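The listed protein sequences derive, respectively, from chains A and B.
Each number in our numbering corresponds to the 1-based position in the first sequence with 11 added.
Each number in our numbering corresponds to the 1-based position in the second sequence with 1358 added.
There's no promise every hint is true.
Ranges between beta-carbon positions, derived for each pair [said to hold, decoys possible]:
1. Lys-1360(B) / Glu-269(A): 47 to 57 Å
2. Glu-111(A) / Thr-1481(B): 30 to 40 Å
3. Val-1507(B) / Asn-278(A): 18 to 28 Å
4. Asp-112(A) / Ile-1482(B): 27 to 37 Å
5. Thr-132(A) / Val-1507(B): 46 to 56 Å
6. Ser-26(A) / Val-1507(B): 26 to 36 Å
7. Ser-1484(B) / Thr-132(A): 30 to 40 Å
8. Asn-215(A) / Thr-1481(B): 16 to 26 Å
Some chain A residues judged to face chain B by a derived CB distance under 10 Å, without partners named [stated by the list, open to error]:
9. Thr-55
10. Gly-154
11. Tyr-275
Bear in mind the hints are in silico, worked out from the structure with no lab data behind them.
Since we're looking at a predicted model, the values are computed, not measured.
Ideal placement from N, C-alpha and C gives every residue a C-beta, glycine not left out.
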Amino acid sequence: MPQIFNKKLLLLLVSIIVLVALIGFSLKEREELTWPEQFLKDTTGWVGNVFNKPVSGITGFVGGLKDLQHTYDENKKLKARLDEYVLLKTQVQDLKEENEDLRDNLKKEDDLRKYSPIQSTVIGRNPDRWHEMLTINKGKRNGVEKNMAVITSNGLVGKVKSATDFTATVQLLSSIDKANRVSAIVQGDDKAYGLIEGFDDKKNLLLMKRIPYDKKIKKDSTVITSGYGGIFPKGLLIGKVVDVKVDQYGLNQTAYIEPSTDFYDINNVMVVQREVGGVAKESDGEDEAE
Amino acid sequence: MKQFILSFIALIFFVFESIFAQLFAGDTFGDDKILVPHFMMIFVFFLTMYGSRKMGMLYGAILGLTYDVVYTEILGVYMFLLPFLAYLISKCMKILQNNVLIACLTAFVFTAVLEVVIFQMNTILSFAEMPFGEFAERRLLPTLLLNLVFIVISCYPLKRIFEKLDLQGEAE
């Protein structure tokens, strides 16, 4: 009997050592997943894809019925805003043309704002809700790569954490992870730069930290990506400011940002690739990538 | 053939969990409550109870590893935890009476244990910033309720399937 007990104890100890080693291995910043991981992800991704079609069909139908109830009210509101929209559209068109002209004059062709989108569908979400991650049905074969920005029609939702041949994993902005940072700008007369890091999931607000203390930030001003991290395009909408607090030493401010997208209701996303390449490898620093 | 049917069911549970999370991630069940489906784990628990310990631990390890790779990207946590809990369950079932009610209760208690251990694990790895009180109120209670409902619904069909497949005969 003591013999068996010892064997079991040994097994337990060995597995704890393996556990710690594995956790250490997976916490490390990795360029690429190992091939067994890629294989597993692709296989389950395929199965998820098969199930996703009927499920999304049904939910789409139910959602459609719900929408139908609100159609009348919505229509009223939208009609009221239609004139405003026409005016805005002509203004935007005008500005775009002017911008192009000026760019031509300057012979400056690259633009941090330019990007090409890859459309994809969400086929799964991490059920253990500690790491907020989504699985999407486009992978390396479609041009998705690690660290690309992921947006919906409403704004930025996160970045690609890892990509396999046919699927990719998206880490949402709301995910609590020290490595999850995005360089951002608060728009206004006086532009303020800072980093989006952290999420208050009780109030559903993003935290934008490291804003210099002397910047005056107005409530309701919009926050967009700065494009200075090296990977994200400039001008992707993140949200708007609802509250500003000075941090504990009084050197920086933290803004609380209401995200423009609902992180809990994402079905279709676009992975965006910036057309201007990043800065040289050694200088692209802490912002988004690491 | 037995193995094929079992792994197929396991796969369905595995994918269903993710789809469930995707569909009900929002505020369907109240403002800031977080519901975590543990369907696959419950499958492993019942497999241990109505099948054999060996099977439970094997499926626990494989499913746990797949879960780690595909969903959390932190390898080892579920892979280690699921076989360990399956082992404990088989020990418990030797002492406890073997009827459906007791089986459901055991599965329920072990789901709670699983959730708490995962919470502690994530706190250590600094992926969670919740005090325990908040965790209990916002995550643990709703999660347990959801999984209790699932256990009650699924215990009888799962029992029938495992008994039909006659897994116990294989282990002896």
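A quick look at each hint next to the structure:
no., hint, in the structure
1, Lys-1360(B) / Glu-269(A): 47 to 57 Å, "53 Å, holds"
2, Glu-111(A) / Thr-1481(B): 30 to 40 Å, "52 Å, violated"
3, Val-1507(B) / Asn-278(A): 18 to 28 Å, "25 Å, holds"
4, Asp-112(A) / Ile-1482(B): 27 to 37 Å, "58 Å, violated"
5, Thr-132(A) / Val-1507(B): 46 to 56 Å, "29 Å, violated"
6, Ser-26(A) / Val-1507(B): 26 to 36 Å, "33 Å, holds"
7, Ser-1484(B) / Thr-132(A): 30 to 40 Å, "32 Å, holds"
8, Asn-215(A) / Thr-1481(B): 16 to 26 Å, "21 Å, holds"
9, Thr-55, "5 Å, holds"
10, Gly-154, "22 Å, violated"
11, Tyr-275, "4 Å, holds"
Of the numbered hints stated above, those contradicted by the structure are hints 2, 4, 5 and 10, listed in ascending order.
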